[in-house]
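Peer 1: Each chain is listed here by its residues.
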Amino acid sequence: MRFVLASARKDLRRIGRDRIALLSWLGIPVFIGVLMTALFGRGSVTPQGRLLVADEDASLVSSLVSNAFTQGQLGQMFQVEKVKQEDGRRRIGRGDASALLIIPKGFGQAFLKSEPARLQLLTNPSQQILPAIVAETLSILLEGAFYLQLVVGDELKLIAQGPPVGAGSFPDKTIADLSVRLNRLGEKLGAYLDPPLLELETSVVEEKPGIRGGFAAAFLPGALFMAVLFVAQGMVFDFWKERSHGTLRRLVVTGSRVEAFLAGKAMAAGMVLAMVAVVGLACARWLVQMPVSQPLVAVVWMTLSGTTLFLLLAIVALAASTERAASMLTSFVVLPLMMLGGSLFPFEAMPEGLARIGRLTPNGWALAQFRAHLDGSAESASVAAAFAGALLVATVTFAACSRRLRRFAV
Amino acid sequence: MFRAREAWLWTFIMPVIFFYFIGTITGGFAPSTTARESIGVLTPPDAGFLGDHLVARLGRHYDVVRVTDAAELARHRRRLVIPAGFTAQVLAAKPVKIAFTRTGGGLGAEYDQIRLQRAVYSVLADLVATATEGGAPTAQDLAAIDRKPRALTLEVTAAGRRQRIPTGFEQAVPGTMVMFTLLVLFTSGAVTLAIERNQGILRRMASSAISRGSMVLGKWMGRLALGLVQIAFAMITGSLLFGVHWGPSLPAVLVVLTVYAALAAALGMLLGNFLATEKQVIGIGVLATNAMAALGGCWWPIEITPRWVQGMALLFPTGWAMDAMHKLVSFGLGPAAVAPHLAVMTAAALVAGWLVARWFRFQ
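So the protein lines, in turn, are chains F and V.
Be aware that the first sequence starts at 1, since it is given in this note's numbering, and climbs by one per residue.
Be aware that the second sequence starts at 1, since it is given in this note's numbering, and climbs by one per residue.
Keep in mind that a hint or two might mislead.
[What the hints assert, rightly or not] Some but not every residue of chain V turned toward chain F, in silico, with C-beta under 7 Å: (1) Glu37; (2) Leu116; (3) Val120.
[To be verified] Stretch-level coverage of chain F by chain V, calculated; a stretch enters the list once three of its residues show a Cβ under 8 Å from a Cβ in chain V: (4) 361-370; (5) 394-407.
No lab work stands behind these hints: they were computed from the structure.
It should be emphasised that the depicted structure is a prediction, and the values quoted were computed from it without experimental measurement.
Where is the CB? At the ideal position from N, CA and C, for every residue including glycine.
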């Protein structure tokens with residue numbers, strides 16, 4: 001046991017000497033947490049852009065059109081900016097906004113008189129979401145205008161004509177007639193609209209369980225396992241360093257047990273991983289404000305599963321013919337694992353097929369368990385089974401790794 | 001650098017895998033506004049003409065698949081149920097609920113909600129419009145409304161010269177290529193400098209007759225060559241495997257990417273010059289690349305980020321490169337549109353190169 005501890009202490013000292021490298025490992029979850037929280041807050045993603053409006057009509061009707069984008073959810077998405085048409089065309093031409101809406105002169109009168117008029121929308125081709133929202137909203141507004149013209153077209157025309165020549169306002173009789181007509185129309189339409197005869201009931205069935213805490217919370221657990229993979233990959237190169245320094249040869253000659261040496265390395269890796277876990281969970285709890293219902297279990301799980309991943313990667317690194325080949329082989333293993341295993345994109349964002357494969361990868365499986373510890377959905381029996389499974393894999397990989405290490409040393 | 005197999009891995013293999021992976025996933029970030037999606041509609045036999053009318057309205061936005069039983073309906077991602085006796089109930093002025101179920105949430109679900117509401121409430125509006133004429137609405141009345149010309153219309157065109165909006169891989173490949181060029185030059189490009197210094201190679205070179213400037217220039221050119229090979233490979237792969245169209249100004253695209261690679265090479269050398277060990281270079285290089293890629297718009301459509309991030313994108317080389325690519329590829333603009341981008345990236349490359357030459361560490 002003393003040799004195991006001495007081996008671990010030596011590795012930890014060596015890691016501690018390269019503080020910038022250590023900080024960069026610890027920095028991955030912090031960086032992802034800070035970045036995602038800063039970019040998307042703690043809620044869901046809302047696209048944001050600028051809508052340029054060249055309102056050449058400057059009427060009440062045209063202002064109703066542009067004001068539609070300043071209310072409610074659309075108001076959160078769009079910053080509406082009034083511009084001259086030429087300026088707007090120049091700006092949308094260089095991608096300065098999501099779209100340019102041109103409301104032609106006479107649009108308001110055309111609406112009231114049911115005459116033809118055309119809105120022009122120039123969209124930014126480098127954006128997909130916001131221009132589509134503007135186009136859809138405008139087309140709904142125009143459809144609404146069409147029905148208004150059908151239902152109260154005559155009344156609108158009357159208003160558009162304005163008061164008789166020489167009069168400052170409409171005659172009382174006209175106002176009274178209009179009121180009576182609108183009242184009768186209201187009575188007639190009440191049967192359809194109060195309450196609405198047709199109602200749409202929408203429900204969304206989540207195909208994948210959602211994560212509380214929004215976009216940042218969806219990314220952070222995967223980022224933690226990305227750090228785990230980087231730490232594991234960074235630490236397996238130590239075997240090559242030990243060989244080039246002659247440590248392994250001396251180890252074999254002195255009769256010390258290779259298993260104890262490997263256990264020391266695994267212990268050092270486990271301690272670094274525990275540090276990453278603590279920093280990551282602190283970020284999750286206080287920065288991203290996501291639920292961390294079983295912090296201790298989560299830290300222990302990340303340490304155990306991370307150490308197992310370290311041993312798995314060690315087998316790959318020890319199988320290589322040179323240090324460079326080890327670097328390439330481990331990269332070749334780590335990156336696809338990272339992609340599929342939910343570290344670059346959460347499983348929720350992946351197509352179902354890829355996500356299913358990803359959950360079967362060692363890190364993907366460990367990540368799924370880790371998330372269950374965070375949100376408290378893991379049951380005692382499944383936690384025990386997961387720990388037992390990870391321990392079993394760790395034992396088997398440890399045995400395989402120490403066998404390989406004995407040959408690697410000489 | 002090309003003797004190192006990692007450089008081959010990062011230059012030729014990983015980018016292709018990432019193109020596929022990121023293109024597949026980020027393609028789902030935005031709801032499809034161009035491809036028609038399907039919807040399953042359970043239409044009972046007694047739904048009547050209003051049921052047909054609603055299906056016709058849905059057909060303006062979706063490929064409608066009429067089904068007759070729940071099991072068949074369950075196979076669809078979007079499922080709409082028109083209730084039994086639909087027309088009869090509506091004509092009897094009894095409120096009717098139309099149930100829509102969608103598998104999977106997100107922006108796509110919100111977009112469906114808008115389209116569905118539009119279809120349902122325009123049917124209601126048709127009823128209201130026919131009611132003003134008096135009498136119960138008929139299929140002929142609704143058809144007559146449909147035939148009426150719309151006085152107010154909307155004309156939507158894409159700004160710039162290119163009329164086809166790039167989606168899917170055409171969005172993902174340029175972003176991934178810009179990120180990987182930086183990643184390779186910040187890791188492989190920078191780490192070799194640290195290794196050469198730690199192995200004493202740079203010290204031996206310092207004692208030779210080569211000037212400091214020549215040596216820095218030579219090393220920079222080697223890294224630039226690595227970046228250019230990667231860019232050329234990524235563009236060929238992007239065109240052949242992922243159908244990326246690089247816009248009408250291909251030479252300008254090549255110039256932009258060359259200048260970007262020159263800047264990334266110079267920045268990578270700065271990193272390798274000031275950091276001491278390989279682990280430091282790789283750790284900081286990976287973090288810096290990811291930060292610049294995220295904030296510069298390589299990871300996701302920049303429109304999903306807050307306005308302050310969109311404004312910040314031009315603080316990073318990735319932001320300048322992506323903006324220039326959008327102008328040339330998405331807008332189809334000419335070379336003049338990217339003159340500021342070229343000027344800024346060239347100036348930044350010269351400054352970074354001067355800094356490396358001025359404070360080059362031989363040991």
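Peer 1: Hint by hint, note whether the structure agrees.
Peer 2: Status of the hints after comparison with the structure:
1. Because the closest C-beta pair between Glu37/V and chain F is about 13 Å apart, greater than 7 Å, the hint is violated.
2. Below 7 Å, beta-carbon pairs count as interface contacts, and Leu116/V has one with chain F at about 6 Å; its hint therefore holds.
3. Interface restraint check: Val120/V against chain F, minimum CB-CB distance 5 Å, threshold 7 Å, status holds.
4. Counting residues of the region 361-370 of chain F whose beta-carbon sits less than 8 Å from any beta-carbon of chain V gives 0, not enough to reach three: the coverage restraint is violated.
5. Requiring three or more residues with a Cβ within less than 8 Å of a Cβ of chain V, the coverage given for the region 394-407 of chain F is violated, as only 0 such residues are present.
Taken one by one, the earlier hints fail for this structure at numbers 1, 4, 5, listed in ascending order.
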